[in-house]
Amino acid sequence: MNLNFYKNKITFKVLPESKTKNFVVIICYDEKLDKSTSFAFLNSDLKNFIKNTFPNFKKHDKYICYTPFGNFAFIKFKKQQNLYNFYIELRKLFKFLKDNKISEFTLYLSDFQLNDLSLSKLAEVVVFNFIITDFDFTRYYKTPPKEGWFNVKEVEIMVNKKQINEIKRAVKKGIIIGEEINRARFLSSLPGGDLTPAKFVEIIKEYIKDLDLKITILDENKLKKINAGGILGVSRGSKEKPYLIILENKEKGKEIHLIGKGITFDSGGLQIKPQDYMNEMHLDMSGAATVLASSILIRRLEYKTNFKTLIPLAENMPSGESYRPGDILKTISGKTIEVGSTDAEGRIILADAIDYSKKFFKPSLIIEFSTLTGASMIALGNKASALFTNKKELQDFIMKISEISGDLLWPLPLWDLYKKDIEGNFADILNIGKSKYGGAIHGAYFLWEFAKPVNFIHIDMAPKMISSEEDSLTKGATGFGVNLMKEFCENFQEIENIL
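Numbering (my numbering), first residue to last: 1 to 499.
What the hints contain is simulated information worked out from the structure, not anything from laboratory work.
Warning: the hint list may mix true and false statements.
[Said to hold, decoys possible] Pairs of lysine-lysine residues, derived as DSS-like cross-links and limited to a Cα-Cα distance of at most 27 Å, are as follows:
(1) Lys9 with Lys121
(2) Lys47 with Lys19
(3) Lys7 with Lys214
(4) Lys419 with Lys392
(5) Lys19 with Lys51
(6) Lys391 with Lys358
(7) Lys254 with Lys391
(8) Lys13 with Lys173
(9) Lys239 with Lys224
(10) Lys335 with Lys452
(11) Lys51 with Lys98
(12) Lys21 with Lys153
Model, not experiment: these values are computed from the prediction.
Throw the hints in and build the complete structure from the sequences for me.
Below, the structure is given as structure tokens:
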């Protein structure tokens, strides 16, 4: 398997502002061409051509024009918009050029105006959005289309010569962010038959071999020794054996634990899913992909965050060996889970991961990503993921960085009022709510019962498991949460004191 499928294919060049013979992208705000840096550097013949023909194009948001004096794309941007909408505009711009087979182009960075965004942050944002828009999951096609798979080859970024080195650093950072988002997308998009728990373990080992990360692999026998009855119970119906992976760095300070749900395929178990939904269930390990890619990103960008990453891996399949509705599973902490539904398996394996986190380490904060509930999609649609925290200060911080990262979140309550809804009849806790209402909250509160009293952030990313048309990304996984974790590390000092 080619594990480098996620890597960036675009060459980014940072050059001092000057005239160019390359294909030029002209960014225009409020239809004022004279304020565009790119327009200022065009040759006089092309300037006159655009001025004379511009009235004919005012009704268009974007167009491409080939002339004897030079070739250009004209793109209208909204001047005042939030970062998320700006990201989407950048993706649409790139997709427009790619769809029109523009393999090389030049843009002038100062053309992009967005509130108080620094030029280096702007370069980072432009680069990673171009990279994730360029990504296509094509590895399973036998033959490419007649014209081949088209990728943009080169992007020239023109800046003031005094800012060259600063922008080069920002571009390098943007490439890493884009690659790690695409790494998560690549892993999540792999079919369940190709990404079993055992194969996922081998991929993790390969991906981190050159990073300063310690890896601990708990196989089935080791899971039995620590009484990880949740992970072991969920995996019983599958011939694929379960694992719990722990990654550790060597930084000092308060421990931040990342935990990601790694159900490599979810059939629903004995309470099997409808066939219309099952074909997407290889994506049920998207939380694991997010925390793995985030961990690699943290090392590549050399953040000093002291983190540990826990990835429980299992496959949920029906067989004569499967765990049953009504079974009672005992977790690492000794807390017992009454199985109300075999299709609420993710929270069961996450319970053991949280237990392990607390028993063997000292987390100041647990951040958990999972495609946990369809109920979160019913609540929020496919525009934002659901956020649950035990502290208002954490909620405010995460909401702030979610808007910066483009990984949009919306808070839902984690009130003790919901505790009775998941009280077990014959065990400590029930893995589904007793009411059909509030399913996303029941799943979150179930996890909180294991995490408390540790500070806790649960992100139910089911709404963003698969890209929507509005995302302007290729079909498949989104890589949700990776850029959120980058912003978390970058702004960590803001919340360190409340942990």
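Now the hints, each set against the structure:
Restraint check for Lys9 and Lys121: satisfied, since their Cα atoms lie roughly 21 Å apart, inside the 27 Å limit. With a C-alpha separation of about 12 Å, the suggested pairing of Lys47 with Lys19 holds against the 27 Å cut-off. Using a Cα cut-off of 27 Å, the hinted pair Lys7 and Lys214 holds, with the two alpha carbons roughly 24 Å apart. Restraint check: the Cα-Cα separation between Lys419 and Lys392 comes to about 19 Å, which is no more than 27 Å; the hinted pair holds.
Of the pairs offered as hints, the one joining Lys19 and Lys51 holds, with about 18 Å between alpha carbons and a cut-off of 27 Å not exceeded. The hinted pair formed by Lys391 and Lys358 meets the criterion: a straight-line CA distance of about 19 Å does not exceed 27 Å. For the hint linking Lys254 to Lys391, the alpha-carbon distance of about 17 Å falls within 27 Å, and the restraint holds. Our distance criterion of 27 Å between C-alpha atoms is met by Lys13 and Lys173, whose separation comes to about 14 Å.
Distance restraint check for Lys239 and Lys224: the Cα-Cα separation of roughly 17 Å lies within the 27 Å cut-off, and the hinted pair is therefore satisfied. A C-alpha spacing of about 13 Å is found between Lys335 and Lys452, which places the hinted pair at or below 27 Å, so the restraint holds. A hinted pair counts as satisfied when its Cα atoms are at most 27 Å apart, and Lys51 with Lys98 qualifies at roughly 26 Å. Of the supplied pair hints, the one linking Lys21 and Lys153 holds, its CA atoms being roughly 16 Å apart against a limit of 27 Å.
Of the numbered hints listed earlier, not one is contradicted by the structure.
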